[in-house]
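Visitor: Sequence:
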Amino acid sequence: MVNNAATLGRSGVHDFLIIRASALILAAYAIFLVAYIFCTPNISFADWTGLFSNTAMKVFTILALFGLLAHAWIGLWQVLTDYVKCTKLRLFLQFFLNIAAFSYFITGIVVLWGV
Numbered sequence: 001m002v003n004n005a006a007t008l009g010r011s012g013v014h015d016f017l018i019i020r021a022s023a024l025i026l027a028a029y030a031i032f033l034v035a036y037i038f039c040t041p042n043i044s045f046a047d048w049t050g051l052f053s054n055t056a057m058k059v060f061t062i063l064a065l066f067g068l069l070a071h072a073w074i075g076l077w078q079v080l081t082d083y084v085k086c087t088k089l090r091l092f093l094q095f096f097l098n099i100a101a102f103s104y105f106i107t108g109i110v111v112l113w114g115v
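Per my numbering, the sequence shown starts with residue 1, numbered consecutively.
Just so you know, the hints here were simulated from the structure itself, not pulled from any lab data.
Heads up, some of the hints might be wrong.
Distance ranges between label pairs, derived from CB positions [as the list claims (entries may be wrong)]: (1) Ser44 - Leu17: 36 to 42 Å; (2) Ser103 - Arg20: 45 to 51 Å; (3) Leu51 - Asp82: 21 to 27 Å; (4) Val110 - Ala27: 38 to 44 Å; (5) Val110 - Ala46: 17 to 23 Å; (6) Thr107 - Thr49: 16 to 22 Å; (7) Trp113 - Ile37: 33 to 39 Å; (8) Val13 - Phe38: 35 to 41 Å; (9) Phe45 - Phe16: 38 to 44 Å; (10) Ile99 - Ile37: 27 to 33 Å.
Where a beta carbon is used, it is the ideal one built from N, C-alpha and C, also for glycine.
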């Protein structure tokens with residue numbers, strides 16, 4: 001079995017499970033937000049502040065952000081290894097895009113928790 005240090009998981013099965021679990025978390029988060037938007041007819045800033053000041057919503061959002069980071073990390077590795085054959089270009093793209101994904105995660109934490 002081949003182990004690649006660029007993957008987030010330890011094997012293809014592990015990566016597959018991480019992708020599926022993160023997709024379920026992201027789907028649940030999106031469904032919740034869409035349901036909230038439809039159930040609240042006139043959403044104001046106070047409504048959004050009240051929603052995201054709840055600790056459970058903060059944890060759910062952090063979980064969704066982490067799921068997005070893991071999903072992006074593995075997905076980028078899979079797509080780039082399949083379609084970018086130049087090793088130097090692939091490594092550059094992996095580095096740049098993973099740094100971008102990680103910075104989005106950190107930005108989400110800072111915005112959400114006000115750190």
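Visitor: Against which earlier hints does the structure fall short, listed by number upward?
Guide: Violated hints (numbers, rising): 2, 3, 4 and 7; every other hint is consistent with the structure.
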